[in-house]
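Q: Quick note, the sequences are listed as chains B and H, same order.
So the first sequence is numbered by this note's numbering: it starts at 1 and just counts up by one.
So the second sequence is numbered by this note's numbering: it starts at 1 and just counts up by one.
If you're looking for bench data, these hints aren't it; they were derived computationally from the structure.
Don't take each hint at face value.
Copies of the same chain look alike in the list, so a pair counts if it fits in one copy or across any two.
With a straight-line cut-off of 30 Å between C-alpha atoms, the simulated DSSO-like cross-links for lysine-lysine are [unchecked claim]: (1) 17 x 57; (2) 16 x 49; (3) 34 x 17; (4) 17 x 49; (5) 60 x 17; (6) 16 x 57.
Number of protein chains: 2
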Amino acid sequence: MTEKILPLAAMERILKKGDPNVRVSEPAKEELRKVLEEYGEEVARTASKFAIHAGRKTIKAEDVQLAIKHK
Amino acid sequence: MTEKILPLAAMERILKKGDPNVRVSEPAKEELRKVLEEYGEEVARTASKFAIHAGRKTIKAEDVQLAIKHK
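Working from the sequences, and respecting the hints, build out all of it.
A: Right, here's the structure in full:
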């Protein structure tokens with residue numbers, strides 16, 4: 001379940017990075033938001049487990065890096 | 001290369017979704033931003049190719065969906 005945390009204007013900027021001349025539909029921005037939030041939440045769940053496993057209550061950058069490698 | 005398009009406050013919200021009691025370091029937010037922007041750009045490059053392949057100049061949601069399946 002995604003919560004529309006990421007701004008749609010940011011999704012448009014990211015989608016135009018592939019090809020600056022391309023246009024972007026509103027549903028395409030919403031789809032990218034959904035995808036990035038789901039991916040982010042998956043990383044977050046794993047990263048918080050790794051932080052706790054390391055005896056911490058704070059997620060560090062290294063937890064995020066490890067979470068990407070071991071999703 | 002990422003451009004710091006996504007807001008760090010949004011990264012914090014996403015990182016806390018895994019475990020609301022966890023804290024999040026600033027470098028962890030920056031790391032998640034980097035990861036999500038890189039992933040988003042990869043999806044964007046593929047989605048814009050698929051749009052052009054379909055004879056369009058506009059990325060639609062279906063291009064994003066297909067790009068995720070065929071990165």
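Q: Could you run down the list of hints and mark each one as holding or not?
A: Here is how each hint holds up against the structure:
| no. | hint | verdict |
| --- | --- | --- |
| 1 | 17 x 57 | between (36 Å within a copy, 14 Å between copies) |
| 2 | 16 x 49 | between (34 Å within a copy, 12 Å between copies) |
| 3 | 34 x 17 | both (18 Å within a copy, 15 Å between copies) |
| 4 | 17 x 49 | between (33 Å within a copy, 12 Å between copies) |
| 5 | 60 x 17 | both (29 Å within a copy, 15 Å between copies) |
| 6 | 16 x 57 | between (37 Å within a copy, 11 Å between copies) |
The earlier numbered hints are all upheld by this structure, with none contradicted.
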